[in-house]
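> So the chains spell out like this:
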Amino acid sequence: MASIPAIPYQSSWRSRLVENKNFLGAVFMIPAAGILLVFLAWPLLRGIWLGFTNATLGREGRFIGLGNFISLAQDSVFWLSVFNTFFYTVIASVAKFALGLWLALLLNHNMPFKAQIRAFILLPYIVPTVLSALAWLWMYDAQFSVISWLLTQLGLIDRYIDFLGDAWNARLSLIVANVWRGIPFIAITLLAGLQTISPSLYEAAALDGATASQRFWHVTMPLLMPIIAIVMTFSVLFTFTDFQLIYSMTKGGPVNATHLMATLSFQRAIPGGQMGEGAAISTAMIPFLLAAVLFTYFGMHRRKWQQGARDD
Amino acid sequence: MAGVVVTNVEKAFGSTKVIHGINVDITDGEFVVLVGPSGCGKSTLLRMIAGLEEITGGVIKIGGREVNHVPPKDRDVAMVFQNYALYPHMTVYDNMAFSLKLRKADKSLIEERVRKAADILNLSQLLQRYPRQLSGGQRQRVAMGRAIVRDPQVFLFDEPLSNLDAKLRVAMRTEIKALHQRLKTTTVYVTHDQVEAMTMADRIVVMHDGIVEQIGTPLELYDHPANMFVAGFIGSPAMNFIPGTLRRTGGAAVLEAAGGVRVTLPGSVPGSDGQKVTLGTRPEHLSIEADGDGIRGSILVVEPTGAETQIVVEAAEQQVVAVFSERHHFQPGAPIILRPRPEAMHLFDTASGRHLASR
Ligand SMILES: Nc1ncnc2c1ncn2[C@@H]1O[C@H](COP(=O)(O)OP(=O)(O)O)[C@@H](O)[C@H]1O
Ligand SMILES: [Mg+2]
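Heads up: the protein sequence lines correspond to chains R and Z, in order. Here the first sequence stands for residues 1 to 312, where the numbers follow the working numbering. Here the second sequence stands for residues 1 to 359, where the numbers follow the working numbering.
Read the hints as simulated data drawn from the structure, not as lab findings. Incorrect hints may appear among the rest.
As the list claims (entries may be wrong) - Derived lysine-lysine pairs resembling DSS-like cross-links, with alpha carbons at most 30 angstroms apart:
| no. | chain 1 | residue 1 | chain 2 | residue 2 |
| --- | --- | --- | --- | --- |
| 1 | Z | Lys107 | Z | Lys17 |
| 2 | R | Lys114 | Z | Lys107 |
| 3 | Z | Lys101 | Z | Lys17 |
| 4 | Z | Lys116 | Z | Lys101 |
| 5 | Z | Lys17 | R | Lys114 |
What the hints assert, rightly or not - So, partial list: chain R residues that the calculated Cβ filter (under 10 angstroms) puts toward chain Z:
| no. | residue |
| --- | --- |
| 6 | Gly155 |
| 7 | Asp158 |
| 8 | Ile161 |
| 9 | Ser200 |
| 10 | Leu201 |
| 11 | Tyr202 |
| 12 | Glu203 |
| 13 | Ala205 |
| 14 | Thr211 |
| 15 | Pro222 |
| 16 | Ala229 |
Note that CB positions come from ideal geometry on N, CA and C, so glycine has one too.
With the hints as constraints, model all of the structure from the sequences given.
In structure tokens, the structure reads:
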């Protein structure tokens, strides 16, 4: 029998380091951390820094402390944009949630052409925002609006509605367009959540004496809550920072009535050339976004019943 | 409490008929087990009784009331599901209290009922846990607790023990039986395991491909199976079947099977000379003979379990199983003659599978 040479047992610090889980973990994280740093953290920090300077388009500018924020605090257009952003976010998110959930519940039932309907539902989400904005622009047109045309044909109104020319009409019209665009994401995600709920839970509840609405409130909603928390956070973030839809439809008009913080920031920084001020508006959004994220973090926090750990 | 009467019940899913006219009469307080191979329609029948599945044809009555169009919540039946179907977001207490809360029962009454059920089922220490924090057996008990808290007219069980390990299964079997003896609530219990059926049932309904093969007490089914299906399904190890030809000469009757096997039958057996018949004999009803006719073959495998010894014999071109509680000295490969005890022999018509006569 040939003897097998023993593998020398290495105990040098290097070999021990290479075997160390924490060390390896740190090493493997370096590339990802680097990418995040370069492409996320740097632009963010740079943006925040800009907010504290009087930079203009093409001029570096210098540090002016809270100057931009102080002047914004006295700027009624800025406060209007803050109001608009909240109004837009709250109304659109609530509407998207209600309609999205309703649609998801409908689609969760057995119905003919289910697969086709589900695919069809996704359409608004697939079409590029700018394209759908154009479609809505056409529907909201003061002279050629198909909505106004339909309503006049039905005899409900006698004058075409000025959808985008009046402040409140414009705000509501934009919200409708945003809701239309946002529903698929919510409906499909909630549908996926609904499908994870075991049908036997509904059967057990039915035998326990629950009516359809009691089954919804006592079984569906609590079990869907974790997914609702996630999907609504994303929805709120996307709505709060919406830019494309507003900018391609009203550019913040009429007379700043539909400016959101994101569009105002761009407006001041690029066409207006006031980079510092634009950046300051963007920076002012951060606390609100952070609050939304924290809210989800705690909302999404694994509920007690989701934890598998035993307490003995 | 109430009886359940199932009359000519049929069920079709779309154009596929899965239940073809079933009649079962379950009396008040009875423990009835529906047993049959997987896919024979046991769950479907149970779910029709619960109201979770539409009834395609026939009538189901609970407590004398026709329930064909009564929604599940108004049937006053409780069901224990195979996967338990516990509400994951509710504690054990809330799972059990849910039905009473929905009925707006008094808080103190709810508390009292839940505590009592928890006591019976040994769950008192676990009331504040969530289902995820329980073991399989504990979840199973919570599912039962949820059922008994309601004090329903009928308990329905759909393979409640199939997710438990073998040892727990035996323990829970006893527990469910004891629970029934205590509460005396009419119970319909579905299982594919004939041992479970035998040990738990007052009466067994043997189902096969959407029909009822036989209904009877465990021992009736064991001693007097109506056909080869029931004979083969009930009893473990399963009954041996030896197909052959019936020969009558004068007053005597003999079964001639493959491999030169000849078994003398009681002269009184029905059937005509030359008829294709199958001899059914349970492994525990075979005795060892020194000579004469019988099932001649050679020992293939010897499997002692301590209490008894099981042998597999190669005979009549198939394998025949025999079980002995007394100790013999068995040698694999050795020749052996097995003779069925005449009073425990079954003769079936091979073509129809029907029992020709008992004994
Ligand atoms: N919802 C359904 N749709 C179509 N076929 C079904 C449905 N449920 C059960 N079946 C069919 O009915 C038959 C009986 O099923 P089931 O009652 O679950 O059997 P068991 O409980 O005895 O194993 C099976 O062939 C099964 O495929
Ligand atoms: Mg089943």
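> Hints first: check each against the structure and report whether it holds.
Hints, one by one, checked against the model:
1. Z:Lys107 to Z:Lys17: violated, 46 angstroms
2. R:Lys114 to Z:Lys107: Judged against 30 angstroms, a Cα distance of about 44 angstroms means the pair is violated.
3. Z:Lys101 to Z:Lys17: This hinted pair is violated, its Cα atoms lying about 39 angstroms apart.
4. Z:Lys116 to Z:Lys101: holds, 16 angstroms
5. Z:Lys17 to R:Lys114: holds, 25 angstroms
6. Gly155: Violated. Min distance 44 angstroms.
7. Asp158: Not OK, violated: Asp158 of chain R not within 10 angstroms of chain Z, min 50 angstroms.
8. Ile161: violated, 46 angstroms
9. Ser200: holds, 4 angstroms
10. Leu201: holds, 5 angstroms
11. Tyr202: holds, 9 angstroms
12. Glu203: With Cβ-Cβ at 5 angstroms, under 10 angstroms, it holds.
13. Ala205: Since the shortest Cβ distance to chain Z is 8 angstroms, the answer is holds.
14. Thr211: holds, 7 angstroms
15. Pro222: This hint holds: Pro222 of chain R lies near chain Z, its Cβ roughly 4 angstroms from the closest one there, short of 10 angstroms.
16. Ala229: Violated - the Cβ of Ala229 of chain R stays beyond 10 angstroms from chain Z, reaching only about 14 angstroms at its closest.
Checked against the numbered hints above, the structure violates hints 1, 2, 3, 6, 7, 8, 16; every other hint is satisfied.
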